[in-house]
Amino acid sequence: MIAVAIMALLASIAYPAYTQYTQTSNKDKAVKDMREIEAKLERYFSDHYEYPEDLSDAGPLPLDPWGRPYKYLRMEGAKIGKVRKDHAQHPLNTDYDLYSMGEDGKSATPLTAKISKDDIVRARNGGFMGLAADY
Numbered sequence: 001m002i003a004v005a006i007m008a009l010l011a012s013i014a015y016p017a018y019t020q021y022t023q024t025s026n027k028d029k030a031v032k033d034m035r036e037i038e039a040k041l042e043r044y045f046s047d048h049y050e051y052p053e054d055l056s057d058a059g060p061l062p063l064d065p066w067g068r069p070y071k072y073l074r075m076e077g078a079k080i081g082k083v084r085k086d087h088a089q090h091p092l093n094t095d096y097d098l099y100s101m102g103e104d105g106k107s108a109t110p111l112t113a114k115i116s117k118d119d120i121v122r123a124r125n126g127g128f129m130g131l132a133a134d135y
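Residue numbers 1 to 135, in my numbering, belong to the letters of the sequence shown in order.
The set of hints was computed from the structure by calculation and includes no laboratory data. Each hint should be verified, as a subset may be incorrect.
Said to hold, decoys possible - Using 20 Å as the maximum straight-line C-alpha spacing, the simulated EDC-like pairs for lysine to aspartate or glutamate come out as follows:
#  : residue 1 : residue 2
1  : K27       : E103
2  : K82       : D54
3  : K82       : D95
4  : K40       : E53
5  : K32       : D134
6  : K117      : E50
7  : K79       : E50
8  : K71       : E50
9  : K40       : D57
10 : K71       : D104
11 : K27       : E76
12 : K114      : D134
13 : K29       : E53
14 : K29       : E103
15 : K117      : E103
16 : K106      : D95
17 : K40       : D95
18 : K71       : E53
19 : K71       : D57
20 : K114      : D95
21 : K79       : D95
22 : K117      : D134
All values derive from a computational prediction rather than experimental measurement.
Input sequences plus hints: build the corresponding full structure.
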């Protein structure tokens with residue numbers, strides 16, 4: 001009985017640490033993938049003097065850590081309602097938006113929206129890449 005209690009205590013300590021580790025590694029993988037996609041987009045830009053209309057035009061791409069495709073929006077010709085916005089409602093980028101909808105698979109254009117907090121975003125034209133809640 002004491003052994004079971006000790007195992008339960010150890011499990012209650014280990015589970016939150018494991019969950020935190022999983023979330024951090026998923027975020028890190030998404031940022032790494034997005035850096036690779038960013039490099040492909042820059043190569044496309046240097047060849048065509050514009051960013052692609054669709055992300056698939058840049059070549060084969062990985063899925064995000066949650067098994068969904070990364071989201072992309074070229075700023076040239078983009079509708080204001082579709083552009084990702086920061087806390088002051090200014091666009092995050094001037095060239096293109098690139099992001100993962102995070103663990104919950106939901107997102108809204110403003111980063112202040114509750115469903116956007118777990119998104120992995122690219123901001124400041126690549127100067128920031130990370131969790132939307134940290135931006």
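Outcome of the hint check:
no.	hint	result
1	K27 with E103	holds, 9 Å
2	K82 with D54	holds, 15 Å
3	K82 with D95	holds, 14 Å
4	K40 with E53	holds, 14 Å
5	K32 with D134	holds, 17 Å
6	K117 with E50	violated, 30 Å
7	K79 with E50	holds, 18 Å
8	K71 with E50	holds, 18 Å
9	K40 with D57	holds, 10 Å
10	K71 with D104	holds, 14 Å
11	K27 with E76	violated, 28 Å
12	K114 with D134	holds, 13 Å
13	K29 with E53	violated, 25 Å
14	K29 with E103	holds, 13 Å
15	K117 with E103	holds, 10 Å
16	K106 with D95	violated, 23 Å
17	K40 with D95	holds, 14 Å
18	K71 with E53	holds, 12 Å
19	K71 with D57	holds, 13 Å
20	K114 with D95	violated, 25 Å
21	K79 with D95	holds, 13 Å
22	K117 with D134	holds, 8 Å
Violated hints for the displayed structure, listed by number in ascending order: 6, 11, 13, 16 and 20.
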